[in-house]
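J.: So the chains spell out like this:
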Amino acid sequence: MVLVRGSRVAAADVVSLTDVTKVYSGRVRALDGVTVGFARGSFTAVMGPSGSGKSTLLHCAAGLDLPTGGRVVLAGQDVGALREPKLTAVRRRHVGFVFQSFNLVDALSVWDNVLLPQRFAGTRPDKAWAREVLARVGLGGRERSRPGELSGGQQQRVALARALAGRPEVIFGDEPTGALDLSTGREVLALLRGFVDTSAATVVMVTHDPAAAAWADRVVFLADGRLAGDLVAPTAERVAARMTELTR
Amino acid sequence: MMLKLGVASVRRRPGAFAGTFLTAFLAVALISGSGLLLHSVLTAGPGGDRFAAVDLVVAADRSVELTTTRDKGDEVKVKTKTERLTGAGALPAELVGVVAATPGVGTAVADVAFPVALDVDGTPVRAPERASVVAHGWSSASLTPYVLRDGVAPAAGEVAVGAELGLAVGQAVRLTTKTGAREVRVAGVVTGGVPGQAAVFVADRQVTDLSGLTGPTAIAVGLAPGADRRQVVAALDELATLDSARVHTGADKVNGDLPGAVPDYVGAISIFGFVLGITGFAAVFVLTGTVSLAVRQRLRELALLRTAGATPRQLRRLLGTEITLVTVVATVPALPFGVVVAHVVAGRFRELGAVPAQFAVAVDPVVLIAAAVLGLLVTRSATSVAARRAVRISPTQALRETVTAARGSRVPRVVGAAVPAAGAVAVLGLVPLGGPLGMGMGFVSCALLLCAAAALGPILVGGVTAVVSRLVGSTGVLGRVAGAMTRAESRRVVGVAIPLTLMFAINATMLVNGDITAEVTAGQQAARTAPATVQVAATNAPGLPLAIAERVVALPAVTGSALTVGTKVVVDQEGKPEDYPAQGLRLAGERALDLGVTAGDLARLAADSVAVSGPLAAQRGWEVGDRPTFWLADGTRVTLTVVAVFSHWRGFGDLVLDAGLVAAHDPRGLVGAIHLRGAPDLAGFPLAPAEAGAAEVRNQQAAWELMVAVSLGFTAIAVVNTFAIATGARRREFAGLRLAGATSRQLHRLLDREALITVVVALVLGCAISGVVVGAFSVAQDGRWRLFADPLRYLGMVAGVGLLGLVAGAVPARVVVRLRSLPQLG
Chain S
1 MVLVRGSRVA AADVVSLTDV TKVYSGRVRA LDGVTVGFAR GSFTAVMGPS
51 GSGKSTLLHC AAGLDLPTGG RVVLAGQDVG ALREPKLTAV RRRHVGFVFQ
101 SFNLVDALSV WDNVLLPQRF AGTRPDKAWA REVLARVGLG GRERSRPGEL
151 SGGQQQRVAL ARALAGRPEV IFGDEPTGAL DLSTGREVLA LLRGFVDTSA
201 ATVVMVTHDP AAAAWADRVV FLADGRLAGD LVAPTAERVA ARMTELTR
Chain L
249 MMLKLGVASV RRRPGAFAGT FLTAFLAVAL ISGSGLLLHS VLTAGPGGDR
299 FAAVDLVVAA DRSVELTTTR DKGDEVKVKT KTERLTGAGA LPAELVGVVA
349 ATPGVGTAVA DVAFPVALDV DGTPVRAPER ASVVAHGWSS ASLTPYVLRD
399 GVAPAAGEVA VGAELGLAVG QAVRLTTKTG AREVRVAGVV TGGVPGQAAV
449 FVADRQVTDL SGLTGPTAIA VGLAPGADRR QVVAALDELA TLDSARVHTG
499 ADKVNGDLPG AVPDYVGAIS IFGFVLGITG FAAVFVLTGT VSLAVRQRLR
549 ELALLRTAGA TPRQLRRLLG TEITLVTVVA TVPALPFGVV VAHVVAGRFR
599 ELGAVPAQFA VAVDPVVLIA AAVLGLLVTR SATSVAARRA VRISPTQALR
649 ETVTAARGSR VPRVVGAAVP AAGAVAVLGL VPLGGPLGMG MGFVSCALLL
699 CAAAALGPIL VGGVTAVVSR LVGSTGVLGR VAGAMTRAES RRVVGVAIPL
749 TLMFAINATM LVNGDITAEV TAGQQAARTA PATVQVAATN APGLPLAIAE
799 RVVALPAVTG SALTVGTKVV VDQEGKPEDY PAQGLRLAGE RALDLGVTAG
849 DLARLAADSV AVSGPLAAQR GWEVGDRPTF WLADGTRVTL TVVAVFSHWR
899 GFGDLVLDAG LVAAHDPRGL VGAIHLRGAP DLAGFPLAPA EAGAAEVRNQ
949 QAAWELMVAV SLGFTAIAVV NTFAIATGAR RREFAGLRLA GATSRQLHRL
999 LDREALITVV VALVLGCAIS GVVVGAFSVA QDGRWRLFAD PLRYLGMVAG
1049 VGLLGLVAGA VPARVVVRLR SLPQLG
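Protein chains in written order, with my numbering: chain S, 1 to 248; chain L, 249 to 1074.
I should point out that these hints are in silico values taken from the structure, not numbers from a laboratory. Misleading hints may appear alongside valid ones.
What the hints assert, rightly or not - In silico negatives: residues of chain L with every beta carbon more than 12 Å from chain S:
hint	residue
1	A420
2	V577
3	V782
4	Q949
5	A983
6	L1054
Claimed, not checked - If the Cβ cut is set under 8 Å, some of the chain L residues that face chain S in the computed set are:
hint	residue
7	L270
8	G721
9	V725
10	A732
11	A736
12	A988
13	S992
14	R993
15	Q994
Computed from a predicted structure; not experimentally measured. Just so you know, even glycine gets a beta-carbon here, dropped at the ideal spot from N, CA and C.
When you get a sec, could you build the whole thing from the sequences and use the hints?
T.: Right, dumping it as structure tokens:
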């Protein structure tokens, strides 16, 4: 596994950002020349104080938002050169999402939710894999349930199963444990870690919680839209210490 | 506190209230518009008063008055009902002298008013704005007064005419009255007079001859100088009652004029009452739906306020404050818009002849205030209905991902639906829909069924949705998702489908019922006139004098004939006098008119007998041989023997009397149509082939369709509005679907399928409701069950409403989710 310094981009990266700038409404510089790569099979946490641009980084990296300047390559595709609906097709094929709000479709059952991206893509869903993923997140047998009938932790695990069911090259998480209590949050993180370790999945996760970041292989720090260093093999204490420095 | 929050909430997010605002605006505008129209016809004066310049008018009663006394055990109830006559009874000729001799009377002028028709070489001379042309003796000219502009007063064989008729002194014109047609010379042109009637004056000594009346229709009285008005009135009253006449004073004097000369607002009152009823109902209905949707989309916010410590009562107050604010703001532009609507509709109705030409909209601030208050009451009560459940939302819902209102018991819904449904069944089952109340009652039962459908909403729509959504679901993944969404969110489907159901059911019922009436009428008309080989009507005047018509039917080539004289006859409907269209009929030779006699024999029709339509006979329980009492057009009370019951009454009349009897007692008394067998040479008579009554039916149909257009417009805007609200509230859901990998185009197609499901559900319900009402109405007309009269028109309506729904669904979807847009997060 190659861990790359934030200032360079390596060929093995699933997602790479080069000198990415994002300006909102002409004035607010959310990202200011960020260059960072995320290696295949790695688990990266993105941290920074409020307003440091971490969510913007995630949105740009995932093709949910287009950068004002610079280059984003996602699974070998130059995102900046793509427009909707091509962009959706690329996201659908290569990316899975887990958000703080679970973004499940209430009208559909757990099973239909999990298979929804592949149905939208018009591909034949890999039902065996979907069933296995659901079993691995501990929801085997709940296929017929509605999201509204599940607890928050269970809903997030459905979202995780949905993200994984399409065998994406990278999973993006935006505060995936933000709406969960400590122990359910820990379960979701353990699942993410497990998928990285056993299935060679790639995870990029924005969080503000040092304890959550400690599950990652590497933590990338952002401050005022710029990269502010990183930390390999983090522990909660070291992450917390860096965060204290950044906010000072 | 809640006031402040409410104001802030509306001010900060006006967009969230745009839908409610628009609905409230339209509702208040329509309620105020139709309220103004109804108020204007109700308070419309009878136009100019020809008797304005005199003090008192003695005239026969212009209405039939019936008083019933019902002994209810503990109290005796006395009810008096009246019905206006269409003619004027003549007073005894010698009464003029008696009145003139009464102490205190200065002048007493006998006025004989009778309708006439003028033509120049067969071309009718018409007064502007469809004013009626009324003739008088020259001595009446002093009453108004009319002043000679050109020429001289008329001698025998001459007339003086109002300037508005556009005739010149010396011109020869033909004057047609019921006693005959005469060539006369215009001796003078007068100015003055009153709007709505054009005057023709004849020599006083020719009056009796021309009018066929035995005495004056009114005596205009001028008081002697210094006379005590009250004493004179009392003295005349005593005199007058002997001859069943009355003394008219003040504003009532105009009622002494010829009824046909005074504008009649009875038809307009029922039309505008109907408009107000429909718009009022649609406004309440649509507002309730819109407000419910708007409240539902704010459930999360309400739950948040609950967590912040708001009680349900406070939330209700908050919602109430907001809606009050929105309604008040909407009322400001709505009232002027309502005034404009009233003017536009009134203008159209004037053109169609559905209201008198001189009808004007009176903008009464009281009506506007009432409309504003009514609008506010409606929005507030709609809010309290919509908020009933929503405000009881538990605070913990704010923390949950999915927010749903508490599900109540089904019992109140079922009860709320059963009551109006039972009402509709009662109306359809008990009211004779074939009669004059048919149209109105059809609408009432339609409205009741809609209320039932709305109350039963989620249950009913859920059932239909379950079927329809599965059909759509078989069209692929998007169909499946759309199907699942509509099933899970059946309340949203209800909210959007019900206005569409309303739009279809109300308008289809009104249009189809109108079509059916027209179709049945045309059918009966055709059956009635089938035996005749020739049908003619006068071209120079509204009809032919009976004497001339008799010369036509006496032509040697005529082997059979039937001539009809239109009139109105008042019937005692259990203490309530009601007027019915009737015909005077004279038959000779072979049968030329087929009235579809079901009992008795029309050949026995004579001056002392009557034939009755099937529905009227059934309703009154009359059989051949019975002797009911009627009042003729001039108020003459007659008792006639029923000699026949007939079935082809539509477009004709409910009563058939002897032509001579009708001609003698109806002021117009002209033969409207002559039905002949044989091939006579009619040259020399001002006659042309004709279909009787067609123009009037067309006008009514046009007025009816205008009303449908107004209600279609309102309901269409409501539908579009509802779709926009429902779609706008789902941004969050759309972002989720985009994240799950849906492209914008896929979302559009998904939403189109949802709209399709909603539209189909709405149309199924709408067709069912209108089908029940139209079916019952149709059976009541002629025993045949129909879902529609004209299949193409019905299909067009289904397609039109369906298309509107689909477009109304598609457009907001494309506005909210732009084709090339990135997922809208947050």
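J.: It remains to establish, for every hint, whether it holds in the given structure.
T.: We went through each hint and held it up to the structure:
Look at A420 of chain L: its CB is around 84 Å from the nearest CB on chain S, clear of 12 Å, so calling it non-interface holds up. For V577 of chain L, the requirement that its beta carbon stay farther than 12 Å from each beta carbon of chain S is met, with the minimum near 30 Å. Taking the minimum C-beta to C-beta distance to chain S, about 71 Å, the non-interface status of V782 of chain L holds against the 12 Å cut. With a minimum CB-CB distance of about 47 Å to chain S, Q949 of chain L clears the 12 Å threshold, and the non-interface call stands.
The beta carbon of A983 of chain L sits about 7 Å from the closest Cβ of chain S, which is not more than 12 Å, so the claim that it is off the interface is violated. Non-interface status of L1054 of chain L relative to chain S is upheld: no Cβ of that chain comes within 12 Å, the nearest being about 21 Å off. Here the hint on L270 of chain L is broken, as its CB sits about 28 Å from the closest CB of chain S, past 8 Å. This hint is violated: G721 of chain L has a C-beta 11 Å from the nearest C-beta of chain S, more than the 8 Å allowed.
Look at V725 of chain L: its Cβ gets to within about 4 Å of chain S, closer than 8 Å, so that hint holds up. Nearest Cβ of chain S to the Cβ of A732 of chain L: about 5 Å, under the 8 Å cut. The hint holds. The restraint placing A736 of chain L at the interface with chain S holds, with a minimum CB-CB distance near 3 Å, inside the 8 Å limit. A hinted interface residue such as A988 of chain L counts as satisfied when its beta carbon comes closer than 8 Å to some beta carbon of chain S; here the least separation is about 5 Å, so the hint holds.
Given hint, S992 of chain L at the interface with chain S, holds; its Cβ is 6 Å from that chain's nearest Cβ, closer than 8 Å. Taking 8 Å as the C-beta cut-off, the interface hint given for R993 of chain L holds, the closest approach to chain S being about 6 Å. The closest approach between the C-beta of Q994 of chain L and any C-beta of chain S is roughly 6 Å, which is under the 8 Å cut-off, so the hint is satisfied.
The structure fails to meet hints 5, 7, 8 from the earlier list, while all remaining hints are met.
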